[in-house]
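J.: For the sequence shown, position 24 matches number 18 in my numbering, and the numbering has no gaps at all.
Hints were generated in silico from the structure; no laboratory data involved. One or more of the hints may lead you astray.
[What the hints assert, rightly or not] Computed beta-carbon distance windows for the label pairs:
no. : residue 1 : residue 2 : range
1   : Asp(-1)   : Gly60     : 31 to 37 Å
2   : Ala59     : Ile32     : 25 to 31 Å
3   : Leu2      : Asp41     : 15 to 21 Å
4   : Ala4      : Ala59     : 19 to 25 Å
5   : Leu45     : Glu22     : 20 to 26 Å
6   : Ser24     : Gly60     : 22 to 28 Å
Yeah, the Cβ is synthetic: ideal placement off N, Cα and C, and Gly gets one too.
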Amino acid sequence: MLNTDLNLAAPDDVYEALVALHRDLTPEQSRLVNAKLILLLANHVGDAEVLRQAMAKARAGIAPAGRDGTRPVTA
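Put together the whole structure using the sequences plus the hints.
T.: The following block contains the structure:
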């Protein structure tokens, strides 16, 4: 089961580390770093059902591209 309760001892430090991770990167490099981080953390979690729950929660409330004036992401 996905834990959505605060589970970080120092959330501000984690936020600062995430900001620093993206500092001086282009938008494309930033997206690549995000993708790598997601895959590393998904591997660490190791539970496909928990990952599906997290994906659903992350996507909730976000309209598909084109329905909100945006364009879809293309590979």
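J.: Next, verify each hint and record whether it holds.
T.: For each hint, the structure was consulted:
1. Separated by about 35 Å at the C-beta atoms, Asp(-1) and Gly60 satisfy the suggested range of 31 to 37 Å.
2. For the hinted restraint 25 to 31 Å between Ala59 and Ile32, the CB-CB distance of approximately 19 Å leaves it violated.
3. Our hint of 15 to 21 Å for Leu2 and Asp41 holds, since their Cβ atoms are close to 19 Å apart.
4. At about 35 Å, the CB distance of Ala4 to Ala59 disagrees with the hint of 19 to 25 Å.
5. Range check, Leu45 to Glu22: about 25 Å between beta-carbon atoms, so the 20 to 26 Å window is met.
6. Checked against the given bound of 22 to 28 Å, the beta carbons of Ser24 and Gly60, roughly 24 Å apart, stay inside it.
The structure is inconsistent with the numbered hints 2, 4, although it conforms to all the rest.
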